[in-house]
Amino acid sequence: MTTEIVRLPGKDLSTEEMILNLGPQHPSTHGVLRVILSLDGEVITRAEPDVGYLHRGTEKLAENRTYPQMLVISDRWDYLSAMSNNLVWCLAVENLMQIQVPDRAHYLRVIMVELNRIASHLVFFGTYGIDIGAYTPFLYAFREREKILDLFEEVSGARMTYNYIRIGGVMADLPSDWIAKCLSFLEWLKPRFQEYDTLLTENPIFKDRTQGIGILDKEKAISYGITGPNLRGSDMAFDIRKEEPYSCYNKLKFNIPTGKNGDCWDRYWVRVQEMKESVAIIEQAIAGLPQGDCNAKVPRIIRPPVGESYAQIEAPRGALGIYLVSDGADKPYRVHVRPPSFINLAVLQDILVGMKVADVIAILGSVDIVLGEVDR
Amino acid sequence: MGNTSPFESTVMENTLLLAAIQGRFPTVHEIPYPTAHAGAPAHEPKPYRDSTLYVSVPPDLWSGVAQFLKNEEKLSFDFLTFVTAVDYNKVTAGEPARMDMVYHLYSLKYKHKCVIKVSLPRDNGRVDSVASLWHAADWQEREVYDMFGIQFRNHPNLKRILMWEGFPGWPMRKDYLHIPDRYDD
Chain A
3 MTTEIVRLPG KDLSTEEMIL NLGPQHPSTH GVLRVILSLD GEVITRAEPD
53 VGYLHRGTEK LAENRTYPQM LVISDRWDYL SAMSNNLVWC LAVENLMQIQ
103 VPDRAHYLRV IMVELNRIAS HLVFFGTYGI DIGAYTPFLY AFREREKILD
153 LFEEVSGARM TYNYIRIGGV MADLPSDWIA KCLSFLEWLK PRFQEYDTLL
203 TENPIFKDRT QGIGILDKEK AISYGITGPN LRGSDMAFDI RKEEPYSCYN
253 KLKFNIPTGK NGDCWDRYWV RVQEMKESVA IIEQAIAGLP QGDCNAKVPR
303 IIRPPVGESY AQIEAPRGAL GIYLVSDGAD KPYRVHVRPP SFINLAVLQD
353 ILVGMKVADV IAILGSVDIV LGEVDR
Chain B
9 MGNTSPFEST VMENTLLLAA IQGRFPTVHE IPYPTAHAGA PAHEPKPYRD
59 STLYVSVPPD LWSGVAQFLK NEEKLSFDFL TFVTAVDYNK VTAGEPARMD
109 MVYHLYSLKY KHKCVIKVSL PRDNGRVDSV ASLWHAADWQ EREVYDMFGI
159 QFRNHPNLKR ILMWEGFPGW PMRKDYLHIP DRYDD
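Chain order of the listed sequences is A and B.
For the first sequence, the numbering used here assigns the number 3 to the initial residue and increments by one for each residue that follows.
For the second sequence, the numbering used here assigns the number 9 to the initial residue and increments by one for each residue that follows.
Any given hint could be a false lead.
Interface residues of chain B toward chain A, partial, derived using beta-carbon atoms under 7 angstroms [what the hints assert, rightly or not]:
| no. | residue |
| --- | --- |
| 1 | Tyr-56 |
| 2 | Asp-86 |
| 3 | Val-94 |
| 4 | Ala-144 |
| 5 | Pro-179 |
No lab work stands behind these hints, which were simulated from the structure alone.
Bear in mind the structure is a predicted one, so any value in this text is a computation, not a measurement.
Cβ coordinates follow ideal geometry from the N, Cα and C atoms, glycine included.
All chains should be modelled from the sequences, with the hints used to inform the complete structure.
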């Protein structure tokens, strides 16, 4: 919905460009993001995201840490889905060392990552409602998320930074009654999705604020390297879980929801559908959970051979990858994180131009970034 | 090749990919799979690398090769997975110290991928920007510039992205020395 700028002739009508500084200390920027907006009246003529306020130098830190130590730092990238970060780090190291992870560990990993995907999308669902001006969905979303965090606390001892998925397997097997608790949670969760549809999805005010807003077409999304729900919202069924299945995703059946128009509402809708798919995945994984060991034999000091590897997974925000170069020492020679949030955020400078100021927050929220991952 | 095209199968083998690139750019060569150095003890694990095609491109050819990779119908590398750099200042004997640009490319159409490496000198490295071909390179090249000091020709907005303007030095270089400041203990 690009608005045409009407210019009236006459010298005395000349207008001045206005610079609006959004953030870095503003709750709707989801962290410390600053966007410098140039405005002509209400219409944005230029948008320049300014990132780096949360830069902690992960890649440099990695060069001075052993492989298991780095796992702890991986929790801090996308802190809303720390399990995914743990998983991709372990996959990269296991690739290099050619470790075969036992089947049970694969299934446990998938259960945790998918639970974390639900928790992460719930945060999106809740905060996106707040961004648009609906406070209630937030309370619903965090009620559900709390139960997932309780489940995580039982297996890993932590609520945010789990450090549960370890190189060669997982930290520990499940507590004895965990599966029953998880299944009863899923049963309890399923009817909640209908509540979300009545709260936001089919809410006319919400639809007015999001449909036809911030349209990201397929070609542009691909060119910008957009992945995850943002790409799928633009009618592109690309999901690493299907393209290059890792862990045990090739044994599980699930659909890839895609949007049609690539607007804010489609990106929102894809995430809500993905939560339902994740529930189905977890149920299948629990049903198929094999018995046996949940850890491979891993040397006490992890010293991968010389070489390089790229591991990628479908994190809640898109393709999260680790490019790992080893020189044979017990510390990585070079680590590069492919952060989906960082790459998705770059498109903002493009899709904000021509939109109204009032839509900035709706578009920014729909891209769903975590600044811990943008800045690393 | 006769009537049957080697590109008929949706996933091209690495050799076919390489042949397609070398057909146009003969000086582009594959980076061989790493081997254990001579006299390595038997208990040492063998070097490992992903089975993807790794290609080395000379810096002056890079913009031409990049256009070919993206626009050639048979290759259609439309998705730039990521861009980064690796600083090789301490390498095994016989290898020159260098800075490698690493581009991971993927084709959403044919589902094939390839890794391009462009070796640059460690000091004053310069390479053509590919931000006009893949917009994904815009911010990622800025990050490489920010962290390694590599200059990108024809980049639309080459300035620091994660560190602040005026930050001294290039933090991800292996020879970067941290100057203690008030944030240190």
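* Asked: Does the interface hint hold: is B:Pro-179 within less than 7 angstroms of chain A, judged Cβ to Cβ?
  -> Holds, about 6 angstroms.
* **Interface restraint verdict for B:Tyr-56 against chain A (beta-carbon cut-off 7 angstroms)** => holds, 4 angstroms
* Should the hint that B:Val-94 touches chain A count as held when the rule is a Cβ pair under 7 angstroms? -> holds, 5 angstroms
* Hint status (Cβ of B:Asp-86 to nearest Cβ of chain A, threshold 7 angstroms) -> Interface hint status for B:Asp-86: holds (6 angstroms vs cutoff 7 angstroms).
* To do: Identify whether the interface hint at B:Ala-144 stands, where standing means a beta carbon of chain A within less than 7 angstroms of its own.
  => holds, 3 angstroms
Checked against the numbered hints listed earlier, the structure breaks none of them; every hint is satisfied.
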